[in-house]
Amino acid sequence: MDFDALFSGLDRHTLDGITRGSIYALVALGYTMVYGVMKLINFAHSEVFMVGTWTVLGVYTVLGVSAGAGLAAVIGATLLALIAAMLASAGTALAVERIAYRPLRKKGAPPLIFLITGIGCSMVLVETFGQVLRFFFGPPFGRVTVNIPSVLQTRDLFTIPGVDLTITNTRVIIIVGAIVMMLALDTFVNKSRLGRGVRAVAQDPDTASLMGVNQNRVIMLVFVLGGAMAGVAALLYTIQYDITKFDIGFIIGLKAFTAAVLGGIGNLRGALVGGLLLGIAEVYASTIWSSEWANVTAFVVLVVVLMFRPTGLLGESLGKARA
Amino acid sequence: MIRSSKTWQVAAMAAAAGLVLSACGTTDTDGGGDASGEDCNFKIGVMGALSGANASIVLPSVDGAELALKQWENDECEVTMEKFDTEGDPAKATPVATQIAGDETFIGVMGGAFSGETRATKSIYADAGVTMVSQSATATDLTQEDQVDVFHRLVPYDDYQGAAIANYLTDELGASKVFVVDNSEAYGEPLADRVEETLGNAMTQRDKTEVGQTDFAPTISKMESAQPDAVFYGGYIAEAAPLLKQMRDAGIDAPFVGGDGLYGADFGNAVGPAGEGAVVMCPCAPIAEDSTFAADFEEEFGAAPGAYAAEGYDAMSVFLAALDDGARTREEMEEFVDGYTGEGLSKEIAFDENGDVPKENVSYWAYKNEGGTLVPEVEVKP
Amino acid sequence: MSQILDTYRGLKLRDRLAEAPNWVRKIGMLLVIAFAFYLPFLNILPFAYIRTDLSARGSDWASVLFLIVVYMIAAVGLNVVIGFAGLLDLGYVGFYALGAYSVALFGSPSSPVVEALQSRLGLGEEWAVPFAMCIPIAIAMSLVAGVILGAPTLRLRGDYLAIVTLGFGEIIRITARNLDNVTNGATGISGVPVPPGPEIGGRPFFNTIDAERWYWFALTILILIIFLAFRLEHSRVGRAWLAIREDEDAAAIMGVAAFKFKLWAFAIGASVGGLAGLLFGSKQQYVEPNAFMVQLSFLFVAMVVIGGSGNIYGALLGAFLLTYLPERFREFQEWRPFAFGVALVLVMILRPQGLVPSRRRAREFEDRKTEAQEAAVDV
Amino acid sequence: MSDQTIQNDPETGSDAPLTVAPDTSDHEALSIEVGPEGETLLEIDHVTLRFGGVVALNDVHFSIKRGEILGLIGPNGAGKTTCFNVMTGVYTPTAGEVRFNGQVISGTKPHKINQLGIARTFQNIRLFPEMSALENVMVGCDARHKTSVLGALFRAYRVRPSEDDLPDNPLKRSLAKVFGISRHTLEERSGRVRSMELLKFVGIADRAHELSRNLPYGYQRRLEIARALATQPELLCLDEPAAGFNPAEKEDLMDLIRRIRDLGHTVLVIEHDMKLVLGVTDRIVVLEFGQKIAEGTPEAVARNPKVIAAYLGEPDDAA
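Protein chains in written order, with full-length UniProt numbering: chain A, 1 to 323; chain B, 1 to 382; chain C, 1 to 379; chain D, 1 to 319.
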């Protein structure tokens with residue numbers, strides 16, 4: 001146990017935690033939105049994220065950009081990758097909804113069944129990249145770790161005076177990007193007409209449909225939005241970590257789901273709070289002990305929070321708590 | 001009446017299903033086929049994680065074995081390689097082992113790929129006298145405790161590797177402050193323990209990480225305050241790649257050294273530019289210049305030979321050499337492998353009484369990642 | 001597929017069985033049990049095609065049967081939690097791991113715990129807790145863990161409970177991996193004891209080769225557990241669970257101590273899971289943390305749900321299929337996980353109520369289906 | 001284990017008109033043992049209940065005497081059901097307390113309160129829909145049973161059976177004589193018998209094996225009463241038992257309530273229908289806006305100008 005290490009670099013560790021947590025939070029949005037509207041844990045969401053990382057790789061490969069390209073090329077390629085990842089992830093999420101969930105909704109199946117088809121879809125997607133695509137196209141698909149060229153190279157931007165904390169460009173992009181996307185989503189759900197539909201269905205599906213809200217469309221919208229956010233997370237992830245792998249989604253998904261519950265599943269701002277808190281808790285724990293205990297700490301924090309606030313930190317649902 | 005006709009329908013369905021199944025069954029059992037040689041018609045089992053998160057560590061060695069079998073020329077014998085996916089899980093490995101043990105046409109087994117499944121199955125193979133040659137199980141206790149005759153391995157165990165790596169760190173790199181990281185798993189942790197032991201005071205700090213982890217910020221900040229002059233990582237490529245990238249991003253330029261879990265032609269591809277100059281320690285001599293192994297492998301499987309691919313090739317070659325030599329029973333196979341000596345791709349192969357490659361046969365080499373390929377740098381003594 | 005199902009339904013086997021005289025049912029049951037015990041030796045065509053060891057890439061039939069039965073035990077236990085009490089437990093593997101680890105920690109002469117006891121109490125090198133004593137220890141440890149996990153968390157709503165239990169399963173595994181001086185860490189513990197028995201042919205009765213003995217041993221325990229599970233289902237306890245599932249508040253006002261019964265469901269499920277883990281660890285004679293990944297928890301839940309949540313026979317069938325099919329079709333090698341995923345989705349979409357749902361669940365489902373359709377018409 | 005299988009008719013759900021067979025059989029077995037009549041059984045002692053700023057009950061004070069039928073009336077939103085919820089442990093009062101048999105029960109958990117002897121029905125019927133009528137009542141009976149979870153599992157707690165409980169099969173009979181019969185079996189059996197008796201008592205025994213959700217509305221109301229009675233409550237609280245009933249059915253219900261009292265239960269009725277309340281109760285408490293505005297005999301309450309005003313102000317409620 002090394003509390004000195006924690007306190008001597010508290011600002012630094014907190015920043016690390018926020019960086020880590022931002023990505024959790026973005027992925028958590030997908031869980032939380034789907035849960036808010038359908039009361040359903042979308043287990044395939046982690047793979048929606050994974051598809052996004054592969055899409056980024058695909059875009060970079062097709063464009064042929066690599067480290068050291070000009071500023072314009074870097075920005076262009078990154079934006080293109082962002083859009084492609086959002087589209088691919090949203091498309092995957094939508095496909096999962098159409099194939100695995102909609103038929104069940106028509107039959108009014110109990111929630112447990114959705115859980116199993118979600119797990120099934122997750123396996124199918126993982127194996128698609130680990131086995132099926134490799135079989136047809138060979139590498140880079142397969143079970144090995146694949147490098148994604150760091151188009152955007154890490155540079156020190158500025159140093160915060162007083163605390164001697166150096167801020168790099170990737171950090172800024174990740175944290176700012178995540179927060180901007182969440183604000184955008186929050187505004188969309190709260191202000192737009194479509195967003196009102198989402199909140200209405202989340203609050204009371206029956207009344208909403210009586211009021212003329214098309215429930216199917218709302219559900220599709222929720223999957224698309226959640227998927228797109230996972231796509232953003234995928235791009236930020238590749239900027240930070242430079243890799244992808246067929247099963248990369250599993251752990252991120254698990255953490256994001258935990259974050260969503262921690263903040264109060266069904267609550268958009270809860271996802272942000274939960275994600276950041278989880279990221280920070282993990283980094284602190286890894287500093288005090290080592291990373292092997294980070295997951296245990298994350299779950300212990302979750303249990304403790306839920307014992308005092310049984311519906312998560314911000315509690316309530318997408319409908320009730322003004323999103 | 002209606003009822004009885006339904007009964008018939010079910011019976012008919014069952015019969016149809018039975019036929020379908022039987023069709024599957026017969027085609028499978030015929031898999032061995034009639035061979036040209038009457039009494040040299042054998043199977044060699046390969047047991048390891050072919051699917052799941054850890055498959056990337058096993059698949060190259062399986063491909064290597066397949067390549068060896070493909071390149072083998074022998075008119076007399078018909079040998080097939082049967083792959084068994086264990087997902088690295090001992091629970092799935094034991095039924096496989098019992099089956100292989102019970103099927104006399106299996107004359108040897110390459111594996112287990114991981115120490116856990118090997119530990120769970122070696123007594124089964126020992127009971128049936130099936131020779132095992134493992135390409136990648138490095139746990140010390142596999143040959144040092146509860147020895148079984150049939151177990152052999154082509155990789156030296158952690159104790160030796162650890163010592164060699166530590167020597168490289170102190171002697172070659174002249175490091176006096178080494179930061180040791182492991183992946184908390186059965187491969188990385190004991191290896192890092194040995195490195196730590198041998199380093200003694202030359203180790204400044206030890207940190208543990210998780211398999212599947214991608215964010216190493218806490219480890220990086222520990223490194224920043226420890227100011228190491230070298231970093232050792234005991235683990236696999238999937239985690240080494242992001243760790244390296246984040247180290248370099250944070251401006252830590254200390255040399256990075258990994259164990260044989262990172263050794264494979266795909267290392268360079270996975271770590272990207274951040275891995276330039278990273279060193280991988282492997283108990284394997286450089287593959288001879290004139291060897292076409294890498295090219296053949298790439299042609300066959302579309303990718304550069306990954307971790308333990310050469311060991312896989314060697315393991316299969318040992319079995320095939322036994323068949324060339326006229327071994328036709330499990331006893332003969334065991335006898336041959338015990339006494340085998342020969343030049344392998346990875347090292348000079350021979351097995352001591354415990355099933356390990358003798359110390360003096362193993363040469364430890366440091367390979368440097370230059371432009372995406374691992375280039376042999378220097379030989380190290382443990 | 002659907003034709004077979006229709007034909008099967010047309011037979012109304014269940015109704016006929018229910019109407020059959022008592023002695024017919026009893027004899028039928030005995031025949032089924034006798035057949036189950038005979039299974040490892042089943043070699044008559046065409047039935048022998050269910051064996052997994054026919055193809056070159058097959059795996060040992062008796063060992064597979066043993067694994068199936070162990071997973072069946074776990075599924076029956078989890079069915080108490082999910083099917084009877086309606087609590088979603090995604091960390092069941094934690095109890096399974098605890099069972100396996102308790103027999104290893106206390107029964108293996110090479111475990112750090114036993115070594116500590118040896119030196120503390122001055123016992124010999126070979127001393128360890130006997131296997132028979134390990135059974136109550138394993139059950140007690142997992143039961144206590146179930147209560148410790150359940151007591152603070154059972155008040156949580158369904159999905160919150162799911163993530164907390166999932167976390168619990170991970171905590172158990174990671175702790176087992178990290179506590180090197182208690183559990184040997186990632187290396188695991190070997191030398192796990194086996195049940196005592198006479199030596200046959202120079203080998204202990206329960207050894208690594210003769211898997212059918214293990215299978216019979218596990219099957220006996222499975223039958224005992226099924227018997228007890230039926231007793232629970234058809235008693236005030238089963239009624240209380242059903243009442244809680246249907247309307248917890250009303251049940252409480254009718255005098256059902258909801259929390260107590262839920263905790264009991266958790267504890268019973270946990271101890272059965274521990275027992276399954278004990279069998280697994282003992283047969284394996286080796287326990288390592290990696291054998292208890294989260295995915296196994298999902299697999300257990302899938303077994304219960306695919307078979308038909310709430311029905312013991314359903315859980316048995318689910319456990320059988322999900323363990324058996326991947327072993328039977330080893331030919332497909334690396335394609336099996338993909339096929340498994342596709343099959344999970346397909347089966348659930350085609351038969352959301354499970355393959356053999358309990359009558360009650362089937363009815364509930366029919367009602368929900370009509371409601372969903374009516375709602376769809378409304379829109 | 002098979003004797004529990006529900007044999008149930010698949011074609012159900014028809015809303016057959018409620019025809020209650022006149023119940024002439026003697027239900028001696030259903031009567032419960034109670035203390036002396038006329039003593040205070042339950043006392044609502046100056047109970048106040050607030051939800052945030054809303055005052056649901058304001059200093060409500062009244063008591064119920066053993067053996068009486070007390071009516072609790074008032075316009076919609078007067079706090080009648082809230083009063084029930086406080087009594088049965090759903091809510092804990094903000095101030096004041098509830099005493100039952102002299103024991104403070106406010107703040108106690110609902111299932112504990114039931115064990116002390118209070119049972120209730122619900123305004124909007126809350127049966128266990130996927131259980132048969134008989135099973136619903138058996139859940140109520142279980143409240144008085146002593147079998148523990150382990151007892152149900154291992155059935156090791158043996159009881160020396162009385163002559164009536166012995167099985168007919170000679171082998172089983174002699175076994176039962178030697179080893180006794182498990183308490184679980186005996187309780188299961190007696191619970192079943194008692195439940196059937198209760199179903200007969202409320203007049204719906206003909207559809208005992210049907211799923212409760214498929215029962216016609218009137219049957220469901222009666223089933224709720226049977227289920228509540230199964231817990232052998234000293235005090236039975238009925239929350240608008242006549243809602244949706246036609247006059248003939250209301251007559252039957254009044255008769256049923258009286259017969260319940262004759263078994264020894266004290267009855268508290270919430271009801272809108274003045275005719276029913278005036279016809280069946282011994283005493284009436286009137287609530288309005290969470291406050292007690294009147295209490296007395298039916299005749300006195302009916303003449304009370306405050307009550308008349310309250311009801312005239314809410315003409316809808318006269319239904």
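Simulated from the structure, these hints should not be mistaken for lab results.
There's no promise every hint is true.
What the hints assert, rightly or not - Straight-line distance between alpha carbons at most 25 Å, and here's what the computed DSS-like set of lysine-lysine pairs gives:
1) C:K260 - D:K146
2) D:K112 - D:K172
3) B:K177 - B:K381
4) D:K250 - D:K177
5) B:K359 - B:K381
6) D:K112 - D:K146
7) D:K177 - D:K112
8) A:K191 - A:K39
9) B:K381 - B:K368
10) C:K26 - D:K172
11) D:K275 - D:K306
12) D:K146 - D:K177
13) D:K65 - C:K260
14) D:K275 - D:K65
15) A:K39 - C:K12
16) C:K260 - A:K106
17) D:K275 - D:K250
18) C:K260 - D:K109
19) C:K26 - C:K12
20) A:K107 - C:K12
21) B:K177 - B:K368
22) C:K26 - A:K107
23) D:K65 - D:K146
24) A:K106 - A:K39
Consistency of the hints with the structure:
{"no.": "1", "hint": "C:K260 - D:K146", "in the structure": "holds (14 Å)"}
{"no.": "2", "hint": "D:K112 - D:K172", "in the structure": "violated (38 Å)"}
{"no.": "3", "hint": "B:K177 - B:K381", "in the structure": "holds (20 Å)"}
{"no.": "4", "hint": "D:K250 - D:K177", "in the structure": "violated (50 Å)"}
{"no.": "5", "hint": "B:K359 - B:K381", "in the structure": "holds (10 Å)"}
{"no.": "6", "hint": "D:K112 - D:K146", "in the structure": "holds (14 Å)"}
{"no.": "7", "hint": "D:K177 - D:K112", "in the structure": "violated (36 Å)"}
{"no.": "8", "hint": "A:K191 - A:K39", "in the structure": "holds (23 Å)"}
{"no.": "9", "hint": "B:K381 - B:K368", "in the structure": "holds (17 Å)"}
{"no.": "10", "hint": "C:K26 - D:K172", "in the structure": "holds (17 Å)"}
{"no.": "11", "hint": "D:K275 - D:K306", "in the structure": "holds (18 Å)"}
{"no.": "12", "hint": "D:K146 - D:K177", "in the structure": "holds (22 Å)"}
{"no.": "13", "hint": "D:K65 - C:K260", "in the structure": "violated (33 Å)"}
{"no.": "14", "hint": "D:K275 - D:K65", "in the structure": "holds (22 Å)"}
{"no.": "15", "hint": "A:K39 - C:K12", "in the structure": "violated (36 Å)"}
{"no.": "16", "hint": "C:K260 - A:K106", "in the structure": "violated (36 Å)"}
{"no.": "17", "hint": "D:K275 - D:K250", "in the structure": "holds (10 Å)"}
{"no.": "18", "hint": "C:K260 - D:K109", "in the structure": "holds (12 Å)"}
{"no.": "19", "hint": "C:K26 - C:K12", "in the structure": "holds (19 Å)"}
{"no.": "20", "hint": "A:K107 - C:K12", "in the structure": "holds (23 Å)"}
{"no.": "21", "hint": "B:K177 - B:K368", "in the structure": "holds (20 Å)"}
{"no.": "22", "hint": "C:K26 - A:K107", "in the structure": "violated (37 Å)"}
{"no.": "23", "hint": "D:K65 - D:K146", "in the structure": "violated (29 Å)"}
{"no.": "24", "hint": "A:K106 - A:K39", "in the structure": "holds (15 Å)"}
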